[in-house]
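Student: Starting from two chains that each stand alone, build the complex the way the hints lay out.
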Amino acid sequence: MFGYYLDLALRSLRRNKVLTGLMVLAIALGIGASMTTLTVLHVLSGNPIPGKSAQLYHVQIDPRDSFGYRPGMEPMDQVSWIDGMNLLHAQGAQQQALMTGGRVAIQPPRTTLDPFFEAARYTSAGFFPMFDVPFQYGRAWTAKDDQDRARLVVLSHVLNDKLFGGKNSVGKMLRLGGHDFLIIGVLGDWRPNPHFYDLNVQSYNEDEGVYMPLTTSQDAGFDHDGGTDCWGNGADGKDMTRNDHCAWLQFWVQLDTPAKATAYKQFLIRYSEEQKSLGRFQRPPNVRLRNVMQWLDYNQVVPSNVRLQTWLAFGLLLVCLVNTVGLMLAKFMRRQGELSVRRAMGASRRMLFTQLLVESGMVGLAGGIGGLLLALMGLWVVRHRPAEYASLAHLDPAMLLITFVLAIGASLLAGLLPAWRACHIAPASALKSQ
Amino acid sequence: MHIRPILVALRKHKLATFLIAMEIALACAVLCNAVFIIANRLSAMNIVTGVDEASLGEIVVTGFEPKEASDLNARMIAGLAAIPGVESVHAVSSVPFGPQAGVAGVTLDHKHYGTVIDYYVGDSGTIKALGLELVAGAMPDADDYQAIPDKAWLPPSARVLVTRALADRLWPGESPLGKMFWTGPYQYRVIGVVANFMGAAANGGGRAEWSAFVPALPGGTLAGTYQIRANPQDLERVMTEARKTVATIAPDVVLDHENSQSIPVLRAAHFATDRAMAGMLIGVIAALLGVTALGIVGLASFWVAQRRKQIGIRRAIGATRGDILRYFQTENFLIVTFGIVIGMLLAFVLNAVLMKFYELPHLPLYYLPIGALALWGLGQLAVLGPALRAAAVPPVVATRSV
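Residue numbers (the UniProt record's numbering), protein chains in the order written: chain A, 1 to 434; chain B, 1 to 402.
Hints may contain errors.
[What the hints assert, rightly or not] Some, not all, of what chain B presents toward chain A, calculated at C-beta under 10 angstroms: (1) G63; (2) G184; (3) A276; (4) L281; (5) L288; (6) G312; (7) V341; (8) L345; (9) F348; (10) V349; (11) A352; (12) L354.
Rather than coming from a laboratory, the hints here were simulated on the basis of the structure.
What you are looking at is a predicted structure, and each value in this text was computed from that prediction instead of being measured.
Don't be surprised by glycine CBs; every beta carbon is placed ideally from N, CA and C.
Isolated chain B (complex conformation) (with noise of 0.2 angstroms):
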């Protein structure tokens, strides 16, 4: 295929070549950031809180006096046993993408408090039924398990469980076991280190998996939330039932609705405004390849047209029909890789834009090849339908006046 004749033509219509070269361009620079933006909020979505999420649901009850809080224990952890189909209920203080509960700095020296971590307190057996997996150091004992004094919402004292991301982040480099940390007056010795554990941290939005578990007994500020262990395919019956049991087991306090759920559906609700904004990118992605492509519709068939005469010329004087179709085919070729390539440099001058006022990384390279691929196949499937009527022009034209 020749290119020179098809760059002289261009240059006759340097305006319309012009505008849909910005077109793709503008396209190109759009496309890449907006599926940038999706693919980084669908990675946020795929968060490990290293629980068995599809097991396990949460009851949440407020509105009873603090005194009341170890019968309500009672009452509340035997009821919900009670239902057919529930492995385990515990006391706990919150679960992921739960409401928050005890986030507090820690310090290893009572002078900088420089991490702020989630505290997940719970009473014994929590840990089996949330299956944490230990990495390091040994689970805490029965008797590690104490009661909380009245007002305050930790032990005062006890040996827990930190995230390996939390050793890292107080310890660099040295083993964690037998560490003290403290917040406040608590104080806190390390006896085991899990792989992943995201408590309400899970809700936080990219903060980093900095939690310990520390173990105590139901009573005093544990109570009112409540984990639920069940067979994955019954959770769903569990915790409806779940819900319907509290008002009978305890009638006098408020079931919190919103967050008595099972994990599975916390975290669809957590991430919801992603998926809504993933949705509606894809919607302005659609549109905007849309319009581009009606774009070159539109100029190719308005080229065509004007072509008629010249077209007909060159079918009369041996051009075959898929001569035709080419020319036109290298010319979008021509044209979109032009768009392109302004394209690219958009594409990261958008970028640095995004990250200055958003929260975005830089656009990996990789995103401009495969977005050129797709512009390329686009301005293809739109040119072809004008090429190809534009291949069918008899070469009699010639030799009509139009």
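One chain only, chain A, in its complex shape (with noise of 0.2 angstroms):
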């Protein structure tokens, strides 16, 4: 039987092509802005670090002076040196990692290379464990490099690609910013998108080429590069690691049940008070703990570019909907003659509307199809705009299959109605009026 309808529905949809082709166009310019948006969006919201994001936590506290307060407010996103390495030095979690961004300039050992600046990641030794750092080549380094400050390093496999071409790099020495460093270890592929754990460096595409340990960076005098917020008489150029008034890095913990996330609150809560009591804090205790994607998305990542876009290209899906509806409806009620003949030949209601229904549902595929091309261009424009997501954006097999279901049931709904009305009309009447 679904046989002879897909016939039917093929001979309807030739019958009158310049309405067939008004809505295959209709359903493709809707499904295709609305998969181009959604899949931007889709890339974007994505989870970076996938079966681990709801263990790992961000460490909010806030050793701001009293001006200012207000009961509620949000702490501070960041922690000054002194609060970092207490957390860090307290061992509270199961792993932890006090880390900043910076930016090195390398001078390359190949001579065809001209010096150029690289972003780095300082950061004590825990972060690799935690946040699962895939080695190509060696291995990182121990919290007991990071307390002798060691001259160490370890590279992206794309900046290993750009400086050795590729080839095992582990032991050889490289020039940052007038220092020696040895490198230790070359990265796997590991580009979590969002750069959840900085998110004042660019939020997307970020990828650190150097990695080194926190110590050292700030032994060798190394700028740090990202957000630094001050507070009181903090902004007087004070050496930042002696600097109490200032925040500029971020800690990260892993705790892996709930009940180990609520006791290291209380630890916080207790840090809070007992800086309190030294003097050191002014508040009452401000803390918070985030997971990943809490901190995504209280952070607000996505740009809201992205999801107004994503919000006008449903809305012209529903107008190229509603069109189709009209444009369904004018086709179905033109062939009421066809349909009261089947209908005095014996086909029950029932089989008119499914017959009806299949001839929607093949406009939804083809609709789907120009859709799915519309998206694909519509993708290529987006990789080559200027945003820093740029190059992330392609379809996955998921957004794929999404945009035939969508389409379908797009162009499913929008048959409904008309084929209901078209199915029923009196024959009797409809074939006397011919």
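Tutor: Here it is as structure tokens:
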């Protein structure tokens, strides 16, 4: 029966090419625009570290003085050197890492390359095991290296390709900002998007090439890169590691169970109370512990432009659907005669209804194919736009499936009302008026 | 034209009429808001920096030790000034649309830090090269340019220029001349007011024009960023040569290619996202109007085909081609008007939603009549084809059975 309906639908669609074309075009446009923006939204709001995002927490405490305090306000996003080091050495969680971003000048060993700047991550040793960072060559550094301020670095594989042609560079020396560093490891393919652990630099497509111990970076006098929030008389140009009034480091912890997270939060409150009694903090304890997805959500990491575009595209899809409903109504009502003959020959309303919906579904399928082509084109355009996330805009199999589900679903929805109307005409009067 | 018969006919096609009207309403709501967003983006792009943008460019180098700063400054300023076409080279802290530098809170009483401003540090001659317009007070004189101490990023005290916006913010209703303000240990006295001046604050996305120009001698932290002035026609050539020259005058520093550009180029790059967004919105608007027009064409054609016999009868009993044409045009006008009425309400609802989630002001009322005119025009254009086909139906159709 379904085959027969398909055949009927094809004949009917072919009979009125202009109207069919208009419907397919409308669906394709709506689907193309929605899928383009939905794909971008999907890529941007993805989980950067699936499987572990619920166990990794970003720590916020509030070390500011009482000036400007309002109950219920958010604590600072980052921590100061002193608090960061205190929390790091307290070892209150299973894993912890204190980190900040930076930029280092690289004097390449190959003379064919000019000196260039590379984004760097200055972090304590907990970073690599906590974020499950894969290694291509060598290994990560240890907490002892942190203590010793060891002059060593880990490179990303992209930078290793650039500097050493992808060969194992472990054991070689690299000159950074006028100092020599020993390369002890090269990372595998690791590009978490969004760049969740530090949103002060770019949120997307931020690949650090150089990783070094945080203590070493301060020892070598490297400037940090990213946000610095100072309060009171913090901005007095003092050395950052001695400055108690500027927050510029991110502190992440791994806590495997909710019970541990609750306990750690209690620990943070006790720490704040202790610091307050010492006179360092002036505000009542104000701490937050957000896991990766909560942290991304809190920072509204998906650009508002992208959300706006998605809304607009779905607005367009809605207009296209209303349009398709109108056109289908015209199409089905024009076939009153044919439908009445089928009714008179014994087809039930239900059968007519199914037949008309099959026809709508076929329009949807054709619209889906057109929409897919338009979405691929749209994504190509997005990739050539000057946004930091541009190169991430690719269609994945899930979105491909959604395209067709959306297209066929939308066209079936659009076909419902016209089909219902069309199979409720009285066959006798329709045949008589012929 | 009699409207009554049209209304009676439309009542027979309630669903189709309603669909077209809804389509128009949705199009009206999206159209008004999308055009409004575009207009907002474009006006944000017209930000006034108060400097001679067309004549200015910036060269940024990094990767040198603080102790080399003075030597680097001397080499860079001499080397860049030697490029044919360069009018002047100055060591500065930043340029409009360049990388941000020197943002700090200021206080008048050492207690309240309510205002965050952009400090723009430059050597003597910078003001003239920028083309700043003084509206009150005086320019700093030669003695005001002092060296910046080690590790500090500003001179400890100086006589500075502020923008009128900053003066109004700090001392509303008073003359700012001679007044003092502080950032941490640094203290500044206002000696002059400029009309407009945006430093790197132009990057800040709607941040207020609160800037101060602090005179200083090159050296210390005032090194590595250079402002080049050249004739607007020569500027791009000069910038290309300047980028090349850096490798020879200072081979060991790292040139920041991305930021070593003319201000027009930096400005264009800064607004690239806004332009892309405006482009995307224009695309959506075009698609929306196109789809709406297609819908009208489709449904009007259907109605014409359905009413061939009736049209023939009307023609046979004396209606002219013009009557038939006007019938369909009026019908379309009525449906579109109905849609626009709903659409205006929808436009305000959509605007209210957008205002909640995005920084967007109220939709001005004058967008509505413009949107209405556009949709009336679109409707008439779309219905013209089917209406002409209807007008071409010969009266003889009335005598035939279909």
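Student: Min Cβ distance, A352 of chain B to chain A: is it shorter than 10 angstroms?
Tutor: Nearest chain A Cβ about 14 angstroms off; hint violated.
Student: Interface hint check: G63 of chain B, Cβ to nearest Cβ on chain A, cutoff 10 angstroms. Holds or violated?
Tutor: This hint holds: G63 of chain B lies near chain A, its Cβ roughly 3 angstroms from the closest one there, short of 10 angstroms.
Student: May I ask you to test the interface hint for V349 of chain B with respect to chain A, counting a Cβ-Cβ separation under 10 angstroms as satisfied?
Tutor: 12 angstroms, violated
Student: Does L345 of chain B pass the interface hint, meaning its C-beta sits closer than 10 angstroms to a C-beta of chain A?
Tutor: This hint is violated: L345 of chain B lies away from chain A, its Cβ roughly 15 angstroms from the closest one there, beyond 10 angstroms.
Student: Report holds or violated for the interface hint on L288 of chain B, using the least CB-CB distance to chain A and a cut-off of 10 angstroms.
Tutor: 6 angstroms, holds
Student: Tell me if L281 of chain B is really an interface residue toward chain A, meaning its C-beta lies closer than 10 angstroms to one of theirs.
Tutor: Cβ of L281 of chain B sits 7 angstroms from chain A, so the hint holds.
Student: Interface hint check: F348 of chain B, Cβ to nearest Cβ on chain A, cutoff 10 angstroms. Holds or violated?
Tutor: Because about 15 angstroms separates F348 of chain B from the closest Cβ in chain A, which is outside the 10 angstroms limit, the hint is violated.
Student: Against chain A, run the beta carbon of G184 of chain B and see if the smallest gap drops under 10 angstroms.
Tutor: 4 angstroms, holds
Student: Per the CB criterion, is L354 of chain B less than 10 angstroms away from chain A?
Tutor: This interface hint holds because 8 angstroms falls under the 10 angstroms limit.
Student: Close enough to count: is the Cβ of G312 of chain B nearer than 10 angstroms to one in chain A?
Tutor: For G312 of chain B, the interface hint is violated, since the closest Cβ of chain A sits about 16 angstroms away, which is over 10 angstroms.
Student: Are A276 of chain B and chain A close enough, Cβ to Cβ, to be under 10 angstroms, as the hint says?
Tutor: 5 angstroms, holds
Student: Would the stated hint for V341 of chain B survive a check requiring a Cβ distance to chain A of less than 10 angstroms?
Tutor: Interface hint status for V341 of chain B: violated (17 angstroms vs cutoff 10 angstroms).
In summary, the structure is inconsistent with hints 6, 7, 8, 9, 10 and 11 from the numbered list given earlier, while agreeing with the others.
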